[in-house]
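Colleague: Chain by chain, the residues run as shown.
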Amino acid sequence: MPDRSNLIYCYDGSFDGLLCCVFESYEKREIPADIFSPDTEQTVLLPQREIVTDPKKSARVLASIPGKMGNDALDFVRHAYLTCLPRKELFILLFLRMGFSCGPRVMNMLADDVVNTLFKAVKHLTNEAHLLKGFLRFSVFDGALAAEIEPKNLVLPLLAPHFRERYPEERFLIYDRTHSMALIYQPYRSKIISADDFRMPEPDEEERSFREFWRLFYSTIEVQGRHNPKCRMSHMPKRYWSCMTEFGAERSTGKKQELPGGPKLLNGSGL
Amino acid sequence: MDVFDKLKILTDAAKYDVACTSSGVDKKASRGGIGNATACGICHSFAADGRCISLLKVLMTNACTYDCQYCVNRRSNDTPRAAFTPRELAELTINFYRRNYIEGLFLSSGIQRNPDYTCEQMIEALRILREEYRFSGYIHAKAIPGADSVLISRLGMLADRMSVNIELPSQSSLKLLAPDKSKHSILAPMGYIQNRIQENTTDLVRYRHAPRFAPAGQSTQMIVGATPETDFQILNLTEGLYKKYKLKRVFFSAYMPVSDSALLPSTDTKPPLLREHRLYQADWLLRFYGFSANEILDAGHQSFNPYIDPKCNWALNHMERFPMEINRAPYAELLRVPGIGVTGAKRIVAARRTGPLNFDGLKKLGVVLKRAQYFITCGGKIADGLKITQDAALRSLMSDTALGMYQRGAGFEPEQLSLFEQPRLTQEDVRKCLTGQI
Ligand code: SF4
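So the sequence lines, in the order shown, correspond to chains A and B. Using the working numbering, you'd call the opening residue of the first sequence number 77 and step up by one each time. Using the working numbering, you'd call the opening residue of the second sequence number 7 and step up by one each time.
It is worth saying that the hints were derived from the structure and are not from the lab. Possibly wrong hints are sitting among the right ones.
[To be verified] If you want the footprint, here are the derived chain B segments under chain A, 3+ residues with CB under 8 Å:
| # | segment |
| --- | --- |
| 1 | 36-44 |
| 2 | 94-106 |
| 3 | 111-123 |
| 4 | 201-212 |
Using N, Cα and C, we set each Cβ at its ideal position, and we do this for glycine too.
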């Protein structure tokens, strides 16, 4: 195996760009010390090399992955790319190098540090996406649905198929505050765009009343004799609460009262 | 009365029902419709009691003509009454569903007028959802004991899952506490549903597009701690229900005192939550780990060990089967090691194909070594630096809470294994398992 160089690759942050880093690493017979995307905070003083994204090179790498290590490995790498794992690019490169040399069994090498680190990161991603399928809350504005989330990983590509199947006839938008991106859907097309500074509109009366109904249901369904906030927290960590209607700022105290001065939307947990 | 008040009353009346999962079936919305379902189920929220919320769980009505002693909705209880109209309920469901608050509906009901009328009301609500809204989301409906089988059948064609609550673990308790119900009125619909599901599977083979009857199967629930049945009896009944009626799930519900009837535990009794927890753990062993009820408890040991979970308890009582060599033991055996779950066992089987596993590797696969190390070897060796003392092993098998309970309990002495009063496990066994032969 080639030596680790003290060189840092800089790529454009795209998946294709990352595959070009893999290409480069093979071509130059070297393993970079790290791989930076435009978002990486750069504090290291090592020499850097710009890796230009070349669709021909990335296509070659992409095509060789399923053949050499199987479709599962390709899926796995695509997911790994969406995680919030620090230095994920380098781990992905190391993983692919292992896969090219030892074939499909790389997917079973769970006790290896590189494979294991990526597995955990992907698990974290898929877990977060799974939780958000439940914890995400839509509001209805003019017949369309809109939601905000604050995920650690890039979950939108994983949420898209689920919500498309759930609401095939609706128009909806899911805004990812963390990454300033949005998934938009209208029958039967969807895309993910980058979107800065999205603001939710004001809810109308009907929307407010269904939020109120939901909060009523949420608080009534608890069996007081089993009160167990710790257990709740372990299933539904607090960082999700700020985007959930049941903990919304317009928390009700009584029944259908007028909501005090222009309710804030879906933010600030009331607890 | 407006919908807000109805929702409050009818949620409050339904909250003791536990069967609130949305799992067991995969579906996509039909064109022009709304709603999908995923087999693994999705939790949309967790209540402050830590229980999952995935379905709008309400009663059609809480105005019940029956008088079951353990139930808040019983005729003789003085409580506000309400009833949804089928349309109100359908609209509430759709509006919650669109906002992604829920996966679907869990609909039960008190007996309004008579079982048939009650069942018809439920059918109408489901019909609106399925036919008018073309809703493909999850619906769990409670079969009403005593309702005509034609109605149960119609309900089952509209629902994804059906359940009939066993309520109490024995016929005598049922007779005492639910005078309007009988074992027969519960088991009859259960058997009927089981037959319909089976017939329907053959229909599906013949006509590929035959509508499915309760595709996610049937479940039941029983109350624990209201009556004197032991854990052993309950677990046996559970196993029987899985075998005989092919139930997908049996749910347990720690009895919450809701009336001061002389027939029931007094109102200041704490709900037996630990017992309920142990039953769920044991149920898990039945469904996923290949245990039989008789291995977990037996006539001589009718209740669970409060300090350690049933699997650890079993392992300590079967030290002759340990230590197990991680690189060779078959999957089914790995599942019996404390600290190794289904995921862990699968990962071990996959990973050891690529090379021998050591303790460090096991840890990376998510095995809880703290527990497992007393029961396994890697390449013939026990864990490095493992001091096998009785106290250490016991501590490692107990949860922190149990450990606290144990230490606070009278006569705590680290040396003495008062913990295992069960005669099956002798001091000798424990010494053998925790010192010499591991
Ligand atoms: S039939 Fe019995 S358990 Fe069911 S609601 Fe009526 S009183 Fe309660």
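Colleague: If you look at each residue in the segment 36-44 of chain B, do at least three have a Cβ nearer than 8 Å to any Cβ of chain A?
Modeller: holds (count 7)
Colleague: How does the coverage statement for the segment 201-212 of chain B fare against chain A, requiring three or more residues with Cβ below 8 Å from a Cβ of that chain?
Modeller: As far as the segment 201-212 of chain B goes, the hint is violated, because 0 residues have Cβ atoms under 8 Å from chain A.
Colleague: Counting residues of the segment 111-123 of chain B whose CB is closer than 8 Å to a CB in chain A, do you get three or more?
Modeller: Per the Cβ count (0), the hint is violated.
Colleague: Please check whether the segment 94-106 of chain B has three or more residues whose CB lies within less than 8 Å of a CB on chain A.
Modeller: holds (count 6)
In this structure, the hints that do not hold are numbers 3 and 4, in rising order.
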